[in-house]
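K.L.:
Quick mapping for you: the protein sequence lines, in order, are chains A and B. Here the first sequence stands for residues 1 to 100, where the numbers follow my numbering. Here the second sequence stands for residues 1001 to 1267, where the numbers follow my numbering.
By construction, these hints were calculated from the structure, which means they are not laboratory data. Heads up, the beta-carbon is just placed ideally off N, CA and C, and yes, glycines get one too. Warning: the hint list may mix true and false statements.
In the DSSO-like style, the derived pairs of lysine-lysine whose C-alpha atoms are separated by at most 27 angstroms in a straight line are [unchecked claim]:
| id | chain 1 | residue 1 | chain 2 | residue 2 |
| --- | --- | --- | --- | --- |
| 1 | B | Lys-1116 | B | Lys-1179 |
| 2 | A | Lys-38 | B | Lys-1168 |
| 3 | B | Lys-1190 | B | Lys-1179 |
| 4 | B | Lys-1198 | B | Lys-1168 |
| 5 | B | Lys-1222 | B | Lys-1113 |
| 6 | A | Lys-60 | B | Lys-1168 |
| 7 | B | Lys-1198 | B | Lys-1179 |
| 8 | B | Lys-1168 | A | Lys-33 |
| 9 | B | Lys-1008 | B | Lys-1190 |
| 10 | A | Lys-93 | A | Lys-68 |
| 11 | B | Lys-1113 | B | Lys-1211 |
| 12 | A | Lys-62 | B | Lys-1227 |
Just the calculated beta-carbon pair ranges, DEER-fashion [what the hints assert, rightly or not]:
| id | chain 1 | residue 1 | chain 2 | residue 2 | range |
| --- | --- | --- | --- | --- | --- |
| 13 | B | Ala-1163 | A | Glu-36 | 17 to 25 angstroms |
| 14 | A | Thr-73 | B | Met-1081 | 43 to 51 angstroms |
| 15 | B | Asn-1019 | A | Lys-33 | 39 to 47 angstroms |
| 16 | A | Gly-35 | B | Lys-1222 | 20 to 28 angstroms |
| 17 | A | Phe-30 | B | Asp-1022 | 22 to 30 angstroms |
| 18 | B | Lys-1219 | A | Lys-38 | 46 to 54 angstroms |
| 19 | B | Phe-1177 | A | Lys-38 | 21 to 29 angstroms |
| 20 | A | Ser-40 | B | Asp-1201 | 38 to 46 angstroms |
| 21 | A | Gly-35 | B | Asp-1201 | 57 to 65 angstroms |
| 22 | B | Ile-1073 | A | Glu-81 | 48 to 56 angstroms |
| 23 | A | Lys-33 | B | Asp-1201 | 37 to 45 angstroms |
| 24 | B | Ile-1073 | A | Asn-70 | 37 to 45 angstroms |
| 25 | A | Phe-32 | B | Asp-1022 | 26 to 34 angstroms |
| 26 | B | Phe-1177 | A | Ala-19 | 31 to 39 angstroms |
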Amino acid sequence: MDRIDNLKLSKEEILAVLAVIITEVIGDAFMFKIGEIKTSSSFASDLELDSIEIVEFSEKVKSHYGDKINFHTWLSTMDMEQIFRLTVGDVVKHIEECLN
Amino acid sequence: MSQLRIGKISLNVQQLNINCPDTIILIHGLGYGSLAMWYFNIAPALARQYRVVMYDLKSHGKSDQVQDGYDLITLSNELAMLMRALHIPTASIVGFSFGTLIAIKFAERFPQKVNKLALIEAPYVGEQHTVSFLVNGLYNKSAMNEYRKTLDDKMQRILSRSARQIEKHDRMFQYLFDKSTLMRDLLSEKDFDDNKLKEIDKETLLLNGDKSSHLPTAKRLKSLWPKSQIVFVTGGHDIPIISPDEVRLHLEIFFGIEVKNISAITI
Chain A
1 MDRIDNLKLS KEEILAVLAV IITEVIGDAF MFKIGEIKTS SSFASDLELD
51 SIEIVEFSEK VKSHYGDKIN FHTWLSTMDM EQIFRLTVGD VVKHIEECLN
Chain B
1001 MSQLRIGKIS LNVQQLNINC PDTIILIHGL GYGSLAMWYF NIAPALARQY
1051 RVVMYDLKSH GKSDQVQDGY DLITLSNELA MLMRALHIPT ASIVGFSFGT
1101 LIAIKFAERF PQKVNKLALI EAPYVGEQHT VSFLVNGLYN KSAMNEYRKT
1151 LDDKMQRILS RSARQIEKHD RMFQYLFDKS TLMRDLLSEK DFDDNKLKEI
1201 DKETLLLNGD KSSHLPTAKR LKSLWPKSQI VFVTGGHDIP IISPDEVRLH
1251 LEIFFGIEVK NISAITI
């Protein structure tokens, strides 16, 4: 994905970017099974991500949004159980706060 | 994720603070292990003062599935090739479980490339218990479920997986045990020679769980290595997952990193 430099992104725009990234991580087949990625979708119970897939997600988010969002630093403040409980909405909120 | 070609195989490698001159390389254990065990907590802390390199062992995480070469000589050769590919002349090595055995073999064969060693829960190579655990425990699904029941609550919660994850990990274990030479290589691995071990004259941290059964190995290494120290962390074998903050703290102290609250770290 191309890296972006523009600021002031809406929640919907961020969610759309994250949906593309998550689809790349979990694959089209599983994406088809879960249907839609919502802000309420949780990493573990809805998206069924394991830890190495969350690393992949994190690297793709970092690559897309750059240093402005300190994504890895944000994740490093949590333990594994907290990270598994994260929702897509939590990530959208963090990115929005950093960029806007 | 960054794939790095090492000879005929491609390994998943993640790096932090790559412009720092001093490097720490992190090696995970077998089975459920991947570089993710370091990525979220321990690696960011070490990266405050070091270049940190994490990689998925072959057939683990996002690295290539590879049929053979699970003996410690091949695995330590691959670590040397990884360092060469990344232009890292020397590094400190941190290993967990089976990763400690790769670190020890590497230090034995390439001492000039190693600065310090941190060995978390080093098992005894050639130990029948370790091998039979892998054969009878991980290989067999029902035995693996029994094994899970012996883990503490937190570890069970972390390992509780969705159907997709169980299927994914079953495929990985099936490949490792049915299609690769992992078991044959493990079973034919000889114990380290004490005289060769003594020649590894490195400052070493031996980090062990206070409820783990691997303390005899740490004591053996301590008796051979005057520059080593044993430190206990709360938990059993899986201390980097159960007690990552404690493990991180001891690694920070060992590597001379100013101890900070993790929330104050900027990567």
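K.L.:
Indicate, hint by hint, whether the structure satisfies it.
P.N.:
A quick look at each hint next to the structure:
no.: 1; hint: B:Lys-1116 <-> B:Lys-1179; in the structure: violated (35 angstroms)
no.: 2; hint: A:Lys-38 <-> B:Lys-1168; in the structure: holds (24 angstroms)
no.: 3; hint: B:Lys-1190 <-> B:Lys-1179; in the structure: holds (22 angstroms)
no.: 4; hint: B:Lys-1198 <-> B:Lys-1168; in the structure: violated (41 angstroms)
no.: 5; hint: B:Lys-1222 <-> B:Lys-1113; in the structure: holds (21 angstroms)
no.: 6; hint: A:Lys-60 <-> B:Lys-1168; in the structure: holds (21 angstroms)
no.: 7; hint: B:Lys-1198 <-> B:Lys-1179; in the structure: violated (36 angstroms)
no.: 8; hint: B:Lys-1168 <-> A:Lys-33; in the structure: holds (16 angstroms)
no.: 9; hint: B:Lys-1008 <-> B:Lys-1190; in the structure: holds (26 angstroms)
no.: 10; hint: A:Lys-93 <-> A:Lys-68; in the structure: holds (14 angstroms)
no.: 11; hint: B:Lys-1113 <-> B:Lys-1211; in the structure: violated (33 angstroms)
no.: 12; hint: A:Lys-62 <-> B:Lys-1227; in the structure: violated (40 angstroms)
no.: 13; hint: B:Ala-1163 <-> A:Glu-36: 17 to 25 angstroms; in the structure: holds (19 angstroms)
no.: 14; hint: A:Thr-73 <-> B:Met-1081: 43 to 51 angstroms; in the structure: violated (31 angstroms)
no.: 15; hint: B:Asn-1019 <-> A:Lys-33: 39 to 47 angstroms; in the structure: holds (42 angstroms)
no.: 16; hint: A:Gly-35 <-> B:Lys-1222: 20 to 28 angstroms; in the structure: violated (56 angstroms)
no.: 17; hint: A:Phe-30 <-> B:Asp-1022: 22 to 30 angstroms; in the structure: violated (41 angstroms)
no.: 18; hint: B:Lys-1219 <-> A:Lys-38: 46 to 54 angstroms; in the structure: holds (53 angstroms)
no.: 19; hint: B:Phe-1177 <-> A:Lys-38: 21 to 29 angstroms; in the structure: violated (38 angstroms)
no.: 20; hint: A:Ser-40 <-> B:Asp-1201: 38 to 46 angstroms; in the structure: violated (56 angstroms)
no.: 21; hint: A:Gly-35 <-> B:Asp-1201: 57 to 65 angstroms; in the structure: holds (59 angstroms)
no.: 22; hint: B:Ile-1073 <-> A:Glu-81: 48 to 56 angstroms; in the structure: violated (38 angstroms)
no.: 23; hint: A:Lys-33 <-> B:Asp-1201: 37 to 45 angstroms; in the structure: violated (55 angstroms)
no.: 24; hint: B:Ile-1073 <-> A:Asn-70: 37 to 45 angstroms; in the structure: holds (41 angstroms)
no.: 25; hint: A:Phe-32 <-> B:Asp-1022: 26 to 34 angstroms; in the structure: violated (47 angstroms)
no.: 26; hint: B:Phe-1177 <-> A:Ala-19: 31 to 39 angstroms; in the structure: holds (36 angstroms)
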